[in-house]
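Novice: Each residue of the sequence shown is one higher than the last, beginning at 31 in my numbering.
Simulated from the structure, these hints should not be mistaken for laboratory data.
Note that the Cβ used here is the ideal one computed from N, Cα and C, for glycine as well.
All clues stand as given, with none of them false.
Label pairs and their computed distance ranges (CB to CB): (1) T507 x K418: 31 to 41 Å; (2) T111 x P570: 41 to 51 Å; (3) R453 x E385: 18 to 28 Å; (4) K418 x T278: 46 to 56 Å; (5) R453 x T278: 33 to 43 Å; (6) R257 x A229: 16 to 26 Å.
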Amino acid sequence: MFSAGRRWGRRQRALLGAVLLAAWQAAWGQLRYSVPEEMPKGSFVGDVAKDLGLQLPEIRDRGVRILDKGRTQYFSVHGKTGHLVTAERIDREQLCERVQQCVLRCELIVEGQMQVYGIQVEITDINDNAPNFREAEKNLRVSEMTAPGSRFSLPEAQDPDSGRNSLQSYELSGDEHFSLAVQAGPGGDQRPELVLAKALDREEAAFHELVLRAMDGGDPARTGTARIRVTVLDANDNAPVFSQAEYTVRVPEDVPVGSVLVTVTASDADEGPNGRVKYLFKKIAERALEIFQLDAEIGAITLLRSLDFEEGNSYELEVQAHDPGDLSDTTKVAVTVTDVNDNAPELTVSSALSEISEDAPSGTVVALLHVQDRDSGANGQVRCSIDKDIPFRLEKSYEDYYRVVTASELDREQVWEYNVTVRAADGGSPSLQSSAVLALRVLDVNDNAPVFLEERYSARLAENNAAGALVLTVRATDADWGQNARVRYRLAEGRVRGAPLSSYVSVQAETGALYALRSLDYEQVRELQLWVRAEDGGAPALSSNVSVRLLIVDENDNAPQVLYPPAGAAAGSGAAWSGVELAPRRSEAGALVAKVVAVDADAGQNAWLSYELAKATEPGLFRVGLHSGEVRTARSPLARDAARHSLVVLVRDHGRPALSATATLSVVLAESVAELLAELGSAADEAAAPGEPAASLTRWLVLAVAAVSCLFVAFLLLLLALRLRRWHRQHLLPADSGALRGVPVSHFVGIDGVRAFLQSYSHDVSLTADSRKSQLRFSAASCCDTLPARPPPDEPAPLLGDQDLAGALPADSASAPQAQPNTDWRFSQTQRPGTSGSQNGEEAGAWPNNQFDTEVLQAMILASANEGADGNSTLGGGNGTMGLSARYGPQFTLQHVPDYRQNVYIPGSNATLTNAAGKRDAKSAAPAGGNKKKSGKKEKK
Numbered sequence: 031m032f033s034a035g036r037r038w039g040r041r042q043r044a045l046l047g048a049v050l051l052a053a054w055q056a057a058w059g060q061l062r063y064s065v066p067e068e069m070p071k072g073s074f075v076g077d078v079a080k081d082l083g084l085q086l087p088e089i090r091d092r093g094v095r096i097l098d099k100g101r102t103q104y105f106s107v108h109g110k111t112g113h114l115v116t117a118e119r120i121d122r123e124q125l126c127e128r129v130q131q132c133v134l135r136c137e138l139i140v141e142g143q144m145q146v147y148g149i150q151v152e153i154t155d156i157n158d159n160a161p162n163f164r165e166a167e168k169n170l171r172v173s174e175m176t177a178p179g180s181r182f183s184l185p186e187a188q189d190p191d192s193g194r195n196s197l198q199s200y201e202l203s204g205d206e207h208f209s210l211a212v213q214a215g216p217g218g219d220q221r222p223e224l225v226l227a228k229a230l231d232r233e234e235a236a237f238h239e240l241v242l243r244a245m246d247g248g249d250p251a252r253t254g255t256a257r258i259r260v261t262v263l264d265a266n267d268n269a270p271v272f273s274q275a276e277y278t279v280r281v282p283e284d285v286p287v288g289s290v291l292v293t294v295t296a297s298d299a300d301e302g303p304n305g306r307v308k309y310l311f312k313k314i315a316e317r318a319l320e321i322f323q324l325d326a327e328i329g330a331i332t333l334l335r336s337l338d339f340e341e342g343n344s345y346e347l348e349v350q351a352h353d354p355g356d357l358s359d360t361t362k363v364a365v366t367v368t369d370v371n372d373n374a375p376e377l378t379v380s381s382a383l384s385e386i387s388e389d390a391p392s393g394t395v396v397a398l399l400h401v402q403d404r405d406s407g408a409n410g411q412v413r414c415s416i417d418k419d420i421p422f423r424l425e426k427s428y429e430d431y432y433r434v435v436t437a438s439e440l441d442r443e444q445v446w447e448y449n450v451t452v453r454a455a456d457g458g459s460p461s462l463q464s465s466a467v468l469a470l471r472v473l474d475v476n477d478n479a480p481v482f483l484e485e486r487y488s489a490r491l492a493e494n495n496a497a498g499a500l501v502l503t504v505r506a507t508d509a510d511w512g513q514n515a516r517v518r519y520r521l522a523e524g525r526v527r528g529a530p531l532s533s534y535v536s537v538q539a540e541t542g543a544l545y546a547l548r549s550l551d552y553e554q555v556r557e558l559q560l561w562v563r564a565e566d567g568g569a570p571a572l573s574s575n576v577s578v579r580l581l582i583v584d585e586n587d588n589a590p591q592v593l594y595p596p597a598g599a600a601a602g603s604g605a606a607w608s609g610v611e612l613a614p615r616r617s618e619a620g621a622l623v624a625k626v627v628a629v630d631a632d633a634g635q636n637a638w639l640s641y642e643l644a645k646a647t648e649p650g651l652f653r654v655g656l657h658s659g660e661v662r663t664a665r666s667p668l669a670r671d672a673a674r675h676s677l678v679v680l681v682r683d684h685g686r687p688a689l690s691a692t693a694t695l696s697v698v699l700a701e702s703v704a705e706l707l708a709e710l711g712s713a714a715d716e717a718a719a720p721g722e723p724a725a726s727l728t729r730w731l732v733l734a735v736a737a738v739s740c741l742f743v744a745f746l747l748l749l750l751a752l753r754l755r756r757w758h759r760q761h762l763l764p765a766d767s768g769a770l771r772g773v774p775v776s777h778f779v780g781i782d783g784v785r786a787f788l789q790s791y792s793h794d795v796s797l798t799a800d801s802r803k804s805q806l807r808f809s810a811a812s813c814c815d816t817l818p819a820r821p822p823p824d825e826p827a828p829l830l831g832d833q834d835l836a837g838a839l840p841a842d843s844a845s846a847p848q849a850q851p852n853t854d855w856r857f858s859q860t861q862r863p864g865t866s867g868s869q870n871g872e873e874a875g876a877w878p879n880n881q882f883d884t885e886v887l888q889a890m891i892l893a894s895a896n897e898g899a900d901g902n903s904t905l906g907g908g909n910g911t912m913g914l915s916a917r918y919g920p921q922f923t924l925q926h927v928p929d930y931r932q933n934v935y936i937p938g939s940n941a942t943l944t945n946a947a948g949k950r951d952a953k954s955a956a957p958a959g960g961n962k963k964k965s966g967k968k969e970k971k
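Just need the whole structure built from these sequences, with the hints factored in.
Specialist: Written out as structure tokens, the structure is:
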């Protein structure tokens, strides 16, 4: 009972020690497990999650895995259970040849922590290999003269297992002449030898068959056998002897292939064939057999392939020398391989980030690297370094693991991507290097507000702009990237003249284009001051503001406004103004009469006004100051100057195009107020008198002349066509034919011996006109067969008489009475106009006092007279109708007007138009009262 309790205490202490050892190893980043070899794939090795204190969700989220170092991975971590399991079938003899304790190492990385843990797994041996003889059959040649007790070496068995599972003993069976002796080698190995126990007799037995059995200590034990065949020969007294019991050689691993490493020599005292020695490998590993070659004749050991210190740094070879009598000797050859710096450091990126935020704190792990050098000594000592001009540093993590961490804060706006180069150099001479490049992209953080390209913006916009017109474009840039650099624009709140600012302008959110939403008026709003905000798309968003000043540019859209004289009725395109000013008749030249005051709502040049006298009743009497608007007398008034004058002053600005307005001033030349009132009273009476303005008369006359001209041209074309037709017919008919029979003889008139057909029309025109109304009177249509002969110079020749008219017209036409003029349209004797100045100024019907209007009227009358003289009118008008009777009737009777048909020559005739109206009306052709121009005022005097 006591002994059982003591055993239980020992087990507890052992278990506690194992647990403490595992905890200590885990605390220092080391985990150690043990697993037998030849376990199937997926076999349990250890509970990594439990030993490291990791929860199952952490294993899935943080990426726990075994690091790959470019060699076969024998272990893996199960993602669901966190167990370390085998990833391949493990053969201890293949991995750890001639190694007593086989330990495999691997590294476990927790990527979320950038932490590496070392794991050691001991591979325990199982008895899976039986002892094996390289030579399954051994032939020995022994002389019959060999003395008992002689020893002969036997082939050794090889068992790759270790411990008790390796080779433990040999057994020999088969013949009483031989026995087995086992010698211990320098390394503790067993060397079987065949001992001659009884003298041989070739005549008794020429051959002896023996069986050598090798056994290991496994449970169950495994064995291997080799057959020994001994041939009895005649006498061979001496065995070969090596010059050295052991050969030692040191060679560098870069020795060329085919080089002789060492030459072993053995001598035999026999002569002749019995003294001839041959060499062979008695004991050699399989790997060494591929590397070394032994020359059987001279004993030279040469190199078959390159040595690699990292694969094997020492080899032990046993060389046997034997003679033809199978007498032999054995020596040991120890080959030591020295390291050469032929391997550059291997730099492996175990784990690395491809992206890092620019606001990552200093010390953030970016990458985990593993470095190793297969060389040894100084050749395998590796130093790692990193560039100095980047914000990263290198830290050693665990054994040959390094971490790349941030040394300072990052700024994506300065450097958005890093190529971090980590260099590893060994301590060899010359040193070998390797490097690894980490591509790291810096992720953006919204740490930069938008920045406008200009500190402030200003633009000029002409007023009366179209709604939606582009004013300017503001532009802001953001040093960030992606959504953080996406800038949107908006207007800051504000009011203009009580209305929201957004009703005047708007900004396009994406482009920053500023548009005017309405037509702006400089006279209302001359300047808009607003703020535009640029905001990025980060979270939280950053923004900045910029001031925008919009200046409204004036356009000439306002005509001048006349403040004095006060406003009157509108006339024409501009505004008309009326006023009455008194000017003394005895004023000197330059005397101030009035002042026109005007303003312009525009600004600048558009509001710069100039004044000029556009129209005056008496040109040259008054003048207007160009910039002052003052109306002054240009000369002293004369006695013949009218008492009342009308001045039209044109006020024009300097815009493009210029706008203007007019002001009408009535200036009365009077010495007293009573005289002024009397003049104003007479003006009122004239305004009350019935009649049509002179401008209306002029307009109607122009229309009449235009109509007559059009009809005249049409008549000419028709007459030309008729004459061409008749001319054509005369040339087609013979002279004596009766084609013209029935035509009155009076239609043919002989002129210069040529028979011609003439048809003439004459017009009697008389004009009665004054400044208010004009009348035209037209007689009935008349024609004559022939033109009368030229009368004597002392008496006028009538153009067409009543008798001729009666004879030329048909009976019904001649008998039709002529309509008499309507007396309602006739003027009284006092209303009949004469030339300018021929009548009293007080009469309502004065001849137009404008010289230009008078000249136009005379020109139109002359044109009408010429038209009638040509005899080509198609209107059919008679005497004195000007061809207008069809439209205006006989009411427009022109009287007391000089006859403009005097001395009018009719082409194709020797007749001259004379004043027929005088003969018809038995009146003189010119009772108009002469052509003298006198003012009304002077006539009164």
